[in-house]
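Engineer: Now for the letters of each chain:
Protein chains: 2
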Amino acid sequence: MTGAEFLGARYPLIQAPMAGVQDRQLTAAVSSAGALGSLPCALLSPEELRSELAVLSAECDGPFNVNFFCHQTPGYDADAESRWRELLRPYFDEYGISDEDVPIGGGRQPFSHDAADILEEFRPPVISFHFGLPSRDLLARVKGWGATVLASATTVEEALWLECHGADAVIAQGLDAGGHRGMFLSRDLTTQAGTFALVPRVVSAVDIPVIAAGGVGNAAAVAAAFSLGAEAVQVGTAYLLCRETLTSPLHRAALKSNRARHTAVTNLFSGRPARSIVNRVIREIGPLNDKAPSFPLAAAAMGVLRQRAEARKCDDFSPLWCGQNATGCKEIPAAELTRELTSLL
Amino acid sequence: MTGAEFLGARYPLIQAPMAGVQDRQLTAAVSSAGALGSLPCALLSPEELRSELAVLSAECDGPFNVNFFCHQTPGYDADAESRWRELLRPYFDEYGISDEDVPIGGGRQPFSHDAADILEEFRPPVISFHFGLPSRDLLARVKGWGATVLASATTVEEALWLECHGADAVIAQGLDAGGHRGMFLSRDLTTQAGTFALVPRVVSAVDIPVIAAGGVGNAAAVAAAFSLGAEAVQVGTAYLLCRETLTSPLHRAALKSNRARHTAVTNLFSGRPARSIVNRVIREIGPLNDKAPSFPLAAAAMGVLRQRAEARKCDDFSPLWCGQNATGCKEIPAAELTRELTSLL
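Quick mapping for you: the protein sequence lines, in order, are chains A and B.
Counting along the first sequence from 1, when you hit position 200 you're at 200 in this note's numbering, and nothing is skipped either side.
Counting along the second sequence from 1, when you hit position 198 you're at 198 in this note's numbering, and nothing is skipped either side.
The hints are simulated quantities; they were obtained by calculation from the structure and are not laboratory data.
Think of the CB as a built atom: it goes at the ideal place given N, C-alpha and C, for glycine as much as any other residue.
There's no promise every hint is true.
On the chain A side, residues computed to face chain B include the following (Cβ under 10 Å) [said to hold, decoys possible]:
1. Ala-78
2. Ser-82
3. Val-102
4. Pro-103
5. Gly-107
6. Thr-190
7. Ala-197
8. Ile-208
9. Ala-212
10. Gly-215
11. Ala-225
12. Gly-229
13. Leu-241
14. Thr-245
15. Ala-264
16. Ser-343
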């Protein structure tokens, strides 16, 4: 089985961009192994973006993907923020946190002309978007240097929308997937289908290639995704224990434990639904709480709690991103995992 | 690929038992085509059960499966019932329904010695259970006549429990599946994983054969399920339009429309979570409402509304059971669909 031409890589496998738990090291390791490594850019400053791209361009043996979010940054809403902090107040008290300790903002920037200016210097061959697509002129700039554009769809409607608005391939993100749901046409979680049901439906709806994401944890699952009609897969969770990641010790421990069997889609960590291993704050106020401010603003207050708790080696407030199948996680080099995942192709 | 020995059928495919939308006709058609047809028994009276089994035993060319629920019937709770009716009051008023029109009970009986007495006359070769397993002595009776016992697991924990308590094979029911979630160790819906993530995890956890269920809609999906480690598949939704079903015209119309793209897990129709196409009552008060009485008691009041609405050709209150992938539904004979589904094995 081949068919990775549209990705430019030897193997039709994308390492899922995972903001907060990896940098260019994982990207380079996967790309050098013949699959498509990804660099998550949503949390990078312009300087960091340029420096990551400079190193990757110099050192990476193979094409790579850069990933950006396409959300609308919401205005600061003092009332919403205040309701959120009141909900979290008992935890603030527990850790001796005062309102002054909480920064303004959520730390995640949508794709912008400033970012495109930097990208243009390096012309990365593949760019993937989460939460829709950027504005028409921004997309035109990216396409102008010949980049292949991928974007996440969580429903058939989103897949059709992305195809119609210029995506070159669509990532069908099943509900099994870890991290943020890419949903952008609806906020209704009942629209979200599992990978097994979603992939064949998206495949039959669009003419562009479909990349299966969500629950892909070993070579057999990669083969199964191809059986469902996908032309490539995107794998995130399985890479989380690789040495080239920045996965924290607490996150690693959770992934290796039986706790990883129980994940939930939660909006507590950023304001948008994302799948995490269930921890204390999810059990106590979530997983879905109406008081969480709009993405990414919920991350500010929760981030302070996380920081203080993690200093005590406690993951009660940490986003423990994880898909519904963590059995593929292995503490091996990313190149070796990439070879294992693609061994049946 | 073979491996259906443990089912006794030529093909490793089970037609999912679908109480309320099928009788022995579908069972016989599928079993005669070489797969394992199922007879849903939870809604049958003792007389109906005996007569269905008598016809099947005489006419069915091949083994078949009988399916029972294993819930605990809850005591009638007048307060809970009253809260539920108050919630539904505006709909009752809309249809001129009074409290006296609502029967007591929910119409679904768990497996019992009375049912086993009848089964014993016919000794069906396969019996499957939903919501756990029956009591030890009941299970011993079933095993006593040599029946193969299947049971649904929605989590790894449930699969291990079923293996330990005597199931001969486990049906890994992914969240993609239509109809009732078989969950019995937890009521927490965040424990429910998609088929793609669940099947490999169950396969690696238990030593008994695993049957994949949820989102299996065509021959490619059957092959994909085998890639994930399943030794058989269970397919429900795809059969719903076959002529041998009792699927109502309203349900058929919904399945054939774009509405089938949007399903939700709802407790409104019976009190237990089950996947249905989204309709008016789900949109307006659900999909999950705390006021729904315990299974199966919610069905009483909702059933009256359903009856009245359906008389007006309206599916606002009908359980439109459907998995997350209805694209496999075809208006063809069940034998033909069975051949199509097994064509890549």
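Engineer: Among all the numbered hints in the text so far, which are the ones the structure does not match?
Structural biologist: 1, 2, 3, 4, 5, 8, 13, 14 and 16
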